[in-house]
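Novice: Chains as they are written, first to last, in the working numbering: chain S, 40 to 227; chain V, 285 to 468.
Bear in mind the hints are in silico, worked out from the structure with no lab data behind them.
Some clues are possibly wrong.
[As the list claims (entries may be wrong)] Below, simulated BS3-like cross-link-like pairs (lysine-lysine); rule was C-alpha separation at most 27 Å, straight line:
#, chain 1, residue 1, chain 2, residue 2
1, S, LYS89, S, LYS136
2, V, LYS315, V, LYS435
3, S, LYS140, V, LYS326
4, V, LYS315, S, LYS138
5, V, LYS315, V, LYS326
6, V, LYS435, V, LYS351
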Amino acid sequence: MSQNVSGVLGVAAQIALIAIFTVAALSKILTFRDLGRTIGRLGLTAVAEKAAIAVIAAELVAVTGLTVLPSATWPRALIAPLAVAFAGAGIRALGIKEKIKCGCFGNGGAVLGWRQLLYLPLWLALAVLAEASPPSWNTEQGLGGLAALLLALVAWKLVAELRLWRPLREDRIVIPEPTQRDAEVPAA
Amino acid sequence: MTTVLLIVICLMAVVLFVQIGAQVELFEQVKQIRGYLDMEDKPTPVELGTLEGARPSVFGLPASLDKSDQAMVLFVSNKCETCRNLASALRGGAVPPSMWVVVVPVSGDGNEFIAEFELYSERVILDEDERIVGSLGLDLTPVALHVAEGKLTRAHTVPTVRQMYAAAPIAYKHTLATKSSAQH
Numbered sequence: 040m041s042q043n044v045s046g047v048l049g050v051a052a053q054i055a056l057i058a059i060f061t062v063a064a065l066s067k068i069l070t071f072r073d074l075g076r077t078i079g080r081l082g083l084t085a086v087a088e089k090a091a092i093a094v095i096a097a098e099l100v101a102v103t104g105l106t107v108l109p110s111a112t113w114p115r116a117l118i119a120p121l122a123v124a125f126a127g128a129g130i131r132a133l134g135i136k137e138k139i140k141c142g143c144f145g146n147g148g149a150v151l152g153w154r155q156l157l158y159l160p161l162w163l164a165l166a167v168l169a170e171a172s173p174p175s176w177n178t179e180q181g182l183g184g185l186a187a188l189l190l191a192l193v194a195w196k197l198v199a200e201l202r203l204w205r206p207l208r209e210d211r212i213v214i215p216e217p218t219q220r221d222a223e224v225p226a227a
Numbered sequence: 285m286t287t288v289l290l291i292v293i294c295l296m297a298v299v300l301f302v303q304i305g306a307q308v309e310l311f312e313q314v315k316q317i318r319g320y321l322d323m324e325d326k327p328t329p330v331e332l333g334t335l336e337g338a339r340p341s342v343f344g345l346p347a348s349l350d351k352s353d354q355a356m357v358l359f360v361s362n363k364c365e366t367c368r369n370l371a372s373a374l375r376g377g378a379v380p381p382s383m384w385v386v387v388v389p390v391s392g393d394g395n396e397f398i399a400e401f402e403l404y405s406e407r408v409i410l411d412e413d414e415r416i417v418g419s420l421g422l423d424l425t426p427v428a429l430h431v432a433e434g435k436l437t438r439a440h441t442v443p444t445v446r447q448m449y450a451a452a453p454i455a456y457k458h459t460l461a462t463k464s465s466a467q468h
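Chain V on its own, in the form it takes in the complex:
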């Protein structure tokens, strides 16, 4: 009886090894395909050009950013699918510290987008008439704009929620079960 049981265990283990091995191969291929199609979770730098070193308030961003040591401004439009994904993560106004969100209403009413994701925070701004992105010359979303010592330093795309949190100047503590609004 024990011998039969051990033989069955050995055979099952071999099958399991081959199946997991096949899955490893599959995941390797997904990784390769993502790399080939440039779909990796990597932020793409956005050139600031002459805007580098400028004061954020010049472009209509809050004046408090001019005095900020470290801050990040996230631009999301109310239509792009990735932006909706990011906004969903910020639902309830759970915006990480030192992070500002600019909602760009590319079509329709931006307030509906804010209401849909309950982005009620003092650090969520509605860019009416695309005044801010227009003055920055920004035609991409979602984009993170970094501010250091009150000056614009760099910008990059934000392909995933993970990258959004990674870009936040102050690490955001994820709390399971209860999603508290990170305000300061």
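The shape of chain S in the complex, shown without the other chains:
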């Protein structure tokens, strides 16, 4: 019974890590420049762009490993340095007492700080839970699940796009052409 519970917890933890790091990596691709600026403001100006690429690549590698090789330890081990790096960024931001925008999940509104510190034990706990009872799906099942997750994210983004596009289209106003001299003429 307890083995079943631990098995379910392991699968759930691994799926949670895959989902979180997929969203994080894809969002960072969209806000790549912002991520570079954030790293630069943390003091790594010289290597900001390279560090941004490295963070995104590491997240994508971790997601791929967690999905395709569910029983392998290295993808879960990769979560630890990433989580520590995020917490380190939070500590650094708190240290310089400056509001630094966090491109963690692509949302420019969040600020680096305590949140990254609080997330550290969560990421580590998920990795430990998954390591204690690793999932046993095969490569095809893993890829199938990842494809479903990615398509769900595409649908989510599409809904966001439609929400923005509809009012923009409805609110489209007529702009007089510059050549039309009396495009807007007072009535009287």
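Place chain V on chain S using the hints.
Specialist: Positioned in the frame of chain S, the structure of chain V alone reads:
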């Protein structure tokens, strides 16, 4: 084979996510630019001043408006581009209930404008010699003038067709395919 197909789906989904994400960013920027340039679809209030509470017929508007519970008078000129857009939506005299249209001929013949958009309705008036707008002191188009209990209550600009329908006191039912004239 299945594995390759799944890998292709994953890669395509990632590309699609990034592309849609970029479009979302683009739309956000268009929204910001519109807000910054004050080009949002928002009607701007027009101060009525001492005209507030006056009877519409005093300014040459139809006397029936004096007895109207709720009505809206839309002023369109025959030259302004937005007015043409609004008139195009009213083509065939499909004027929403309780809405009147005053065509202001700022240059040329207003009848040509009425004919062009087939604004043939008993609630479409041609403001010859700009008599009505002149007495109201109105020098803007398109403008909506609201009447409640037979008195002028408020006025605002009408930047889009959507705002024109939104300003109509009685909701106008859009019928696809067949555009019937909403008369009463």
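Novice: The structure should be examined with respect to each hint, and the outcome stated for every one.
Specialist: Do the hints match the structure? See the list:
no.	hint	verdict
1	S:LYS89 to S:LYS136	holds, 25 Å
2	V:LYS315 to V:LYS435	violated, 37 Å
3	S:LYS140 to V:LYS326	violated, 32 Å
4	V:LYS315 to S:LYS138	holds, 26 Å
5	V:LYS315 to V:LYS326	holds, 13 Å
6	V:LYS435 to V:LYS351	holds, 9 Å
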